[in-house]
Amino acid sequence: MSNGPQHGLTIFRAVDVSFVRAGIDLIAPFSLALDAGADADLIQPNARAASIAARICAAIVKPTLGVAYVGDFETRLQPPQAKRMVGFVDSAGFAGDDHALRCEVAFRAEVWNLDKSAAQNRANEVLAALGSGVYARAVALALVADVALVVLDQPKSGVARRVRSVAPGAAIIRTLAGET
Amino acid sequence: MNEFRATLAIVRRHMDRRFAIDWGMQFGIVALIAYAFTRTFAHPVLPLLIASTLAAASAAEKSHAESLRRLSFFAMPLYGRQLARAHAIAPCLLALSIPAGYALGSALRTHEFPAPLFIAMICAALTATLVSLSSIFREGLRAWLYVALAIVVGPIVTLPYVLRPAHETAIGLALTVVIGFFALRGFSETLARYDPI
Chain A
227 MSNGPQHGLT IFRAVDVSFV RAGIDLIAPF SLALDAGADA DLIQPNARAA
277 SIAARICAAI VKPTLGVAYV GDFETRLQPP QAKRMVGFVD SAGFAGDDHA
327 LRCEVAFRAE VWNLDKSAAQ NRANEVLAAL GSGVYARAVA LALVADVALV
377 VLDQPKSGVA RRVRSVAPGA AIIRTLAGET
Chain B
80 MNEFRATLAI VRRHMDRRFA IDWGMQFGIV ALIAYAFTRT FAHPVLPLLI
130 ASTLAAASAA EKSHAESLRR LSFFAMPLYG RQLARAHAIA PCLLALSIPA
180 GYALGSALRT HEFPAPLFIA MICAALTATL VSLSSIFREG LRAWLYVALA
230 IVVGPIVTLP YVLRPAHETA IGLALTVVIG FFALRGFSET LARYDPI
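From first to last, the protein sequence lines are chains A and B.
Under the numbering used here, read the first sequence as residues 227 to 406, first letter to last.
Under the numbering used here, read the second sequence as residues 80 to 276, first letter to last.
In short, the hints are calculated from the structure, not lab data.
Misleading hints may appear alongside valid ones.
Distance ranges between label pairs, derived from CB positions [to be verified]:
id: 1; chain 1: B; residue 1: V257; chain 2: A; residue 2: G395; range: 49 to 59 Å
id: 2; chain 1: B; residue 1: A186; chain 2: A; residue 2: D323; range: 22 to 32 Å
id: 3; chain 1: B; residue 1: A144; chain 2: A; residue 2: P271; range: 26 to 36 Å
Here a beta-carbon is modelled for each residue, glycine too, at the ideal position from N, C-alpha and C.
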């Protein structure tokens, strides 16, 4: 089954999602619904909160309260199915060299059960469109699988637009810090 | 989803050059200790305690913990139990260097090493490793408590070797499987609950 985008479908839905750790509200409750091919910015008060919000959207971190769905999958109950639809790009990017990137793409192909050469070709295609910076490499890694949702954790300006050029039908969530 | 393919990829990722160096160093150091002190450690409980303590410490070691905490592992489309199984294989293989090293060092010194003791040391090292893995995703006192628990539980599975009932090896192996199963299950739940923030 393809995880790729299908226009008109809601790809991501969050209802009153918040995150609390040690009694501190790190993420204030937010709701969001995003269709295939649409973009959304999720603005948080600081970089840590932006990272946590991105990880909640990517089904990596479970919300303390509220529910989040990627496609039809609730991120707390069905994280593997949800993660399979998501390309997550961490704010730190991917700092390795070309060889490390090739190894990482091969590793990802194994774990995601993808064809290795197709994954490598897809990564090269993304790099050709985005350049070869640390963040571009991370995007290339995130997009080796056929994902319906791309989550960009605090990207630089213009990155989301360039990601759109290589994933035209995917929903894109961009988390930003300090722009309240 | 081909779970076996994913598991194999994660195991290969853990078993890199660093793993080989760690295995060799651990094997060599334990062999040297055994060669130097094997007559001092004549009581059978002492080698078992050594195996258990070193395995627990090795599984909870900082750089190993950091590698397991890498965000990329948590972005993978796997359940906690699948990730736990994949993460546990390399540390268990690393733990085998302890009984192997001890057996070599002791055999070189005394020209003998009883097979039941070797099996008991393997059981202690594997159990301690599996219990200690849960400390990786905890902080402070709770992490230390898991390491302490691992050091205690490791020798417990070898009690049949010390007390020598009938079928001591079979009982020891059965205890290892049962306690190892619950330790791995606990590690799975720890991973499933862990939020990498």
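Each hint tested on the structure:
1. For the pair V257/B and G395/A, the supplied restraint of 49 to 59 Å holds, since their beta-carbon distance comes to about 51 Å.
2. Checking the proposed 22 to 32 Å range against A186/B and D323/A shows it is violated: the Cβ atoms sit about 45 Å from each other.
3. A hinted range of 26 to 36 Å for the beta carbons of A144/B and P271/A is consistent with their spacing of about 30 Å.
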